[in-house]
Amino acid sequence: MINFRSRRFLSGSAPFIPGAAAILLAIAIIIAPEASFKASLTGLTLWWTLVFPALLPFLILSEMLSASGFVHGIGVLLEPLMKRCFRLPGAGGWTLVLGLTAGFPAGAGGVMQLHKQGDITDKEAGRLAAIVHYTSPVTLLIVVGTAFLHSPAAGYALLAIHWMSGLAAGILSACFNGSRKITSPIPQVPHESDPSLTGGRSHAKKASLPRRIHQAAADARSRDGRGFGKVLGESVSSAVQSLMIIGGYMIMFAVVVSIVTRLFPQLPALVTASMLEIHLGARSMTSAAAGLEGFVIGGLLGPALLSAGLAWSGICAQLQALTVLKAANVRFLPFTAVRLLHGLFAFAFTLLLWTPLLHIQSAVLPVLAGSPPAVQLQDIGTSLRIWTLAPQILGLMALLVMLLLLLSAAVKLFTSSRRPSG
1 MINFRSRRFL SGSAPFIPGA AAILLAIAII IAPEASFKAS LTGLTLWWTL VFPALLPFLI
61 LSEMLSASGF VHGIGVLLEP LMKRCFRLPG AGGWTLVLGL TAGFPAGAGG VMQLHKQGDI
121 TDKEAGRLAA IVHYTSPVTL LIVVGTAFLH SPAAGYALLA IHWMSGLAAG ILSACFNGSR
181 KITSPIPQVP HESDPSLTGG RSHAKKASLP RRIHQAAADA RSRDGRGFGK VLGESVSSAV
241 QSLMIIGGYM IMFAVVVSIV TRLFPQLPAL VTASMLEIHL GARSMTSAAA GLEGFVIGGL
301 LGPALLSAGL AWSGICAQLQ ALTVLKAANV RFLPFTAVRL LHGLFAFAFT LLLWTPLLHI
361 QSAVLPVLAG SPPAVQLQDI GTSLRIWTLA PQILGLMALL VMLLLLLSAA VKLFTSSRRP
421 SG
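With the numbering used here, letter number 348 in the sequence shown gets 348, and the count goes up by one each step, no holes.
Take the hints with a grain of salt, since some may be wrong.
Stated by the list, open to error - With a cut-off of at most 16 Å between alpha-carbon atoms, the simulated EDC-like pairs for lysine to aspartate or glutamate come out as follows:
1. 116 / 234
2. 116 / 34
3. 116 / 224
4. 326 / 122
Read the hints as simulated data drawn from the structure, not as lab findings.
Go ahead and model the full structure; you've got the sequences and the hints to work with.
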């Protein structure tokens with residue numbers, strides 16, 4: 001009875017919570033306008049110099065590839081991996097690649113595009129969105145590794161741990177969701193034998209792999225129905241609109257972090273910032289360190305906490321993704337649970353793998369080749385020229401696609417060998 005009354009009270013008061021929060025935020029800004037202005041300027045600088053130029057081309061590319069059917073063709077090849085390991089449709093394979101290489105806004109946009117085309121249900125969209133929610137490699141390699149820690153090798157170590165822990169969290173979360181079978185249409189080709197020879201029953205056989213890829217891409221392109229010019233225009237418009245939403249969240253949460261820090265000075269600033277906003281949290285964790293040596297002087301706890309914070313990604317990033325996925329009715333608590341699981345895996349993997357990964361030379365993944373070091377956050381947009389990194393990030397994306405295709409083929413061979421004959 002008490003639980004019923006509590007749920008009724010919460011459901012009845014839910015519509016008033018955003019309004020009350022907005023009023024409290026306005027009061028706090030009025031009380032300390034100068035500090036709020038400086039905080040909002042910090043959020044605006046982060047968005048304009050880093051997030052906007054880094055993510056815009058990938059958001060545009062995501063929607064154009066989805067509309068062209070390329071995503072669905074790749075999804076046929078990644079179907080064994082997505083179905084067996086993540087229990088999701090194969091079309092989500094490209095979205096996983098997009099989340100790994102472009103970050104959570106692009107991943108959420110890719111999920112929403114699949115949902116809009118009818119390739120995944122609301123529940124599958126929620127699970128896929130939680131699995132493809134990653135911090136952008138640009139943030140890990142350039143902002144954290146080079147600008148904050150002054151060590152590209154540290155950025156590569158954080159990126160490798162971030163990817164491995166995210167995949168582990170996705171596989172484990174799929175196990176918690178049961179073994180519900182994912183069905184997808186399989187193109188069939190007529191059997192060449194005469195139906196009259198089999199008692200009037202027509203036989204069909206599974207289409208060949210190239211034909212299935214072509215059919216999946218053609219069907220997706222037919223369902224979209226837009227011309228190239230319209231796809232390009234709407235892709236640019238949608239990407240800019242999504243980035244404007246992200247910028248608004250970053251500015252607002254920069255102010256919220258400043259207010260919470262003033263109201264609760266006993267809380268460490270790095271804890272508050274890491275829980276709420278990923279970029280501010282990473283800067284708070286590394287600001288007291290004079291480069292990488294100062295950051296790890298106390299052992300592996302600092303890198304492990306930083307890695308966990310990057311995996312958690314902050315309430316701000318989570319709300320950004322959920323705003324993009326609003327039409328899919330993605331629930332907050334299951335989404336946040338996967339983020340927490342990702343953070344726990346990242347913490348554990350950092351303790352185990354940080355030292356060996358730190359010795360890997362930057363030449364292994366030369367994303368930062370030729371980029372001068374930066375020490376001031378406000379100089380990132382001009383000194384590193386993030387837009388010039390797009391070819392390297394696209395190369396990294398192609399490499400990751402090949403690795404996932406090999407993993408998918410291995411899963412297919414393994415499951416086929418275990419399938420009983422006859």
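Hey, residue 326 versus residue 122, does the alpha-carbon distance stay inside 16 Å? 10 Å, holds
Taking 16 Å as the top limit, are the C-alpha atoms of residue 116 and residue 224 close enough? Given pair residue 116, residue 224 holds - Cα atoms ~10 Å apart, limit 16 Å.
Are residue 116 and residue 234 close enough, with their CA atoms no more than 16 Å apart? The hint holds at about 14 Å.
Does residue 34 sit within 16 Å of residue 116, going by the straight-line distance between their CA atoms? 43 Å, violated
Checked against the numbered hints given earlier, this structure breaks only hint 2.
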